[in-house]
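There are 2 protein chains.
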Amino acid sequence: MVTAILNAAGSSSRFISSTTNLPKQLCLLNDIPVFLWSLNTFSKIEYIDQILLMVSQDIKTRVQEYINSKIQDQSHKLKICLGGESRQESVKLALDELTNQNYQDKVIIHDTARPFVTKSIIDEVYYSLKSCKASTASIKVVDTLKKVNTNNSYEYINRENCFLIQTPQGFEFKTLYQCHLKAIEDKCFFTDDTSLVENYGEKISLTNGSILNFKITFANDLILGQEIAKTF
Amino acid sequence: MVTAILNAAGSSSRFISSTTNLPKQLCLLNDIPVFLWSLNTFSKIEYIDQILLMVSQDIKTRVQEYINSKIQDQSHKLKICLGGESRQESVKLALDELTNQNYQDKVIIHDTARPFVTKSIIDEVYYSLKSCKASTASIKVVDTLKKVNTNNSYEYINRENCFLIQTPQGFEFKTLYQCHLKAIEDKCFFTDDTSLVENYGEKISLTNGSILNFKITFANDLILGQEIAKTF
Numbered sequence: 001m002v003t004a005i006l007n008a009a010g011s012s013s014r015f016i017s018s019t020t021n022l023p024k025q026l027c028l029l030n031d032i033p034v035f036l037w038s039l040n041t042f043s044k045i046e047y048i049d050q051i052l053l054m055v056s057q058d059i060k061t062r063v064q065e066y067i068n069s070k071i072q073d074q075s076h077k078l079k080i081c082l083g084g085e086s087r088q089e090s091v092k093l094a095l096d097e098l099t100n101q102n103y104q105d106k107v108i109i110h111d112t113a114r115p116f117v118t119k120s121i122i123d124e125v126y127y128s129l130k131s132c133k134a135s136t137a138s139i140k141v142v143d144t145l146k147k148v149n150t151n152n153s154y155e156y157i158n159r160e161n162c163f164l165i166q167t168p169q170g171f172e173f174k175t176l177y178q179c180h181l182k183a184i185e186d187k188c189f190f191t192d193d194t195s196l197v198e199n200y201g202e203k204i205s206l207t208n209g210s211i212l213n214f215k216i217t218f219a220n221d222l223i224l225g226q227e228i229a230k231t232f
Numbered sequence: 001m002v003t004a005i006l007n008a009a010g011s012s013s014r015f016i017s018s019t020t021n022l023p024k025q026l027c028l029l030n031d032i033p034v035f036l037w038s039l040n041t042f043s044k045i046e047y048i049d050q051i052l053l054m055v056s057q058d059i060k061t062r063v064q065e066y067i068n069s070k071i072q073d074q075s076h077k078l079k080i081c082l083g084g085e086s087r088q089e090s091v092k093l094a095l096d097e098l099t100n101q102n103y104q105d106k107v108i109i110h111d112t113a114r115p116f117v118t119k120s121i122i123d124e125v126y127y128s129l130k131s132c133k134a135s136t137a138s139i140k141v142v143d144t145l146k147k148v149n150t151n152n153s154y155e156y157i158n159r160e161n162c163f164l165i166q167t168p169q170g171f172e173f174k175t176l177y178q179c180h181l182k183a184i185e186d187k188c189f190f191t192d193d194t195s196l197v198e199n200y201g202e203k204i205s206l207t208n209g210s211i212l213n214f215k216i217t218f219a220n221d222l223i224l225g226q227e228i229a230k231t232f
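Order-wise, the sequence lines are chains A and B.
Here the first sequence is numbered in this note's numbering, starting from 1 and rising by one per residue.
Here the second sequence is numbered in this note's numbering, starting from 1 and rising by one per residue.
No distinction is drawn between identical chains; accordingly, a pair holds when it is met within one copy or between any pair of copies.
Each computed DSS-like pair below joins lysine-lysine, with the alpha-carbon atoms no more than 30 Å apart:
hint, residue 1, residue 2
1, Lys119, Lys140
2, Lys147, Lys130
3, Lys174, Lys147
4, Lys147, Lys119
5, Lys140, Lys230
6, Lys187, Lys203
7, Lys79, Lys187
8, Lys203, Lys140
9, Lys44, Lys230
10, Lys79, Lys174
11, Lys79, Lys44
12, Lys215, Lys230
13, Lys60, Lys77
14, Lys174, Lys187
15, Lys230, Lys70
These are computed hints drawn from the structure, not numbers from a lab.
Turn these sequences into a full structure, and let the hints steer you where they fit.
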């Protein structure tokens, strides 16, 4: 069994759309809201048995309306759940839901702010779980990598063996849940689930992501997304 | 006056095309070789007076043939020059050529392995040179950033204020040339020209690049490039 946890509960704090005033998940790319792109992709994958879509209270009704009107085949076991204050809390709430179901198998987590994920990216993460307990889509850094410090000093980071970590990320449920419980105990916060799990000693397998699987973060990204959406 | 230095002299060491056996600069994206995409874009910009296209000996004839057959308007002052062993050496050879011309003004350097550069990205670099001596297109890192060390240990790099440095990069000629001469003296090698110049104390202005302005590095990138080329 595989459950997909699709996180659409972000606060869009870095995202200010001057034209629509909408949170990024509801902004339209070729007439389809951001969150629905990856939901559609995951919905079509035969080995995914259940999808938990994590949303914030303020967009829940709109999300439900979009799903009713835009997803024809609703045979998939899709459940819309309330997320938390942070990305990490939203994932933890999804894992609590799975615990209530006595769920024991694999989970694949994806941020719906990455609308252009493809089946082959998801497949790579899924199949890698046959030989590891945690894996993530990633891309190798090939550009010069520069860090500008707050005092305006800078440093160049050796890009050799540097990776940008994307989602989807796949896990054995038990491993992920136990690490999340420890992180709460330790009051530790992480920007993604593989770094959380790795912090507690698990090895992560890196699979191929894609430049197009970028995260819509700033308003400008929506313009780029709109261009890509036309042809995706 | 502005001279564009377009670097197509790379050895494609990380690029192995299984289907064509061609160096990446000559691989076709929608029937146009990689190097010609950005050359076309630069050719149409009115404030660019001269273009130096740096190529390696083994592709020079093919590059010339493509230019003869594919570029209709050849009024632009385009000069094909032999590059060096490394990226840095190729740029230095271009600067030597400009010194022979008694050139004193601005240069914009671009790696033609980034075919999808746009006029607006080039414009931002160019106009920023009104208030600084060096600038570069860049994008902010929004993904988790992970470094895998050779002993398989890892570290997570705080992504806050981290930037991926792209090209085009703009410079006052004199500043850039003097720094290149110092780098030769010091036997220092850099992955791009802004880090070279910054090493000798110049401040760099960061302008907006784009995710689509990625560098074709691995064979897989060509597949992605082909998709983008269809609609660019």
